[in-house]
Amino acid sequence: MRRRNLLVILCLVLVGIFSFQNTTEVKAVSFVHTFKKTTMVSRSEQKDDFTYDFTRIKKPKLKAKTDWLTDKIGKNSGNDHYYRVATNKWVSTDDVALVNKGINRPITISTGHNIWKFNYKTYEFTYTGRRLAAGTWASDERIQLPRGISYCKVGPNEWIQNIHY
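In mature numbering (1 follows the signal peptide of the UniProt record, and there is no 0), the protein residues as written are -21 to -1, 1 to 144.
Since the hints were derived computationally from the structure, they do not count as laboratory data.
Watch out, some of these pointers could steer you wrong.
[As the list claims (entries may be wrong)] With a Cα cut of at most 30 Å, we get these calculated DSS-like pairs of lysine-lysine:
1. Lys26 <-> Lys51
2. Lys54 <-> Lys80
3. Lys68 <-> Lys16
4. Lys96 <-> Lys44
5. Lys37 <-> Lys26
6. Lys38 <-> Lys68
7. Lys96 <-> Lys42
8. Lys15 <-> Lys42
9. Lys54 <-> Lys42
10. Lys100 <-> Lys26
11. Lys42 <-> Lys16
12. Lys100 <-> Lys37
13. Lys54 <-> Lys44
14. Lys38 <-> Lys26
15. Lys40 <-> Lys100
16. Lys80 <-> Lys68
17. Lys54 <-> Lys37
18. Lys38 <-> Lys16
19. Lys38 <-> Lys100
20. Lys80 <-> Lys100
21. Lys68 <-> Lys37
22. Lys40 <-> Lys16
23. Lys51 <-> Lys100
In this text the structure is predicted, and so the values were computed from the model without any measurement.
Throw the hints in and build the complete structure from the sequences for me.
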C-alpha cells in the first residue's frame, strides 16, 4: 500500500514537472478594434485563385469600441480584405483598426518623420509638433487604421506615420 501511494505521488510529480515544459510563448498579439457596430461575414471554401467569397451575417454584430483577437486574413476576388475574429466570422479591414503588439522589429528611416501621439480611448492620432531624426529605431507596436494609414510606435506614446514594414 505504501509503495503504491509513493508510486502515485511520484507519477503526479513527474506529470506536474513535464506539463510546465510545453508552454507556448506568444510573441506578437494581433487584435482588431471596432469603431462602430460592425457587421461580420462568413467565408466560403478557397477558390483556384486563392480568394474566397464572403457572405454577410445579419446577426450578431460586433459591439462598437471593442477589441477582438485575430489570427488570419482573407481576401475576395475584388481584393477586399477581411480579418478573422471567430470561427468563420470575419470583419472587413475597412471597418476596424488592426493592432499588432510585441513585434520587436526595428525600423529604419532615411529622413525625419513627424511624431504623433495616440489616444487609446478614441483611437485618434494627433501631431505633437516634433520630428524624429533619421536612423534605426526600436518598434514593438503597429496600428493600421481602416483607410490604410499605419503608425509605428518608436517611444512612450510616440508614433510615426506610414512606415511600410
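Against the structure, test the hints numbered earlier, and report the numbers of the ones violated in rising order. 10
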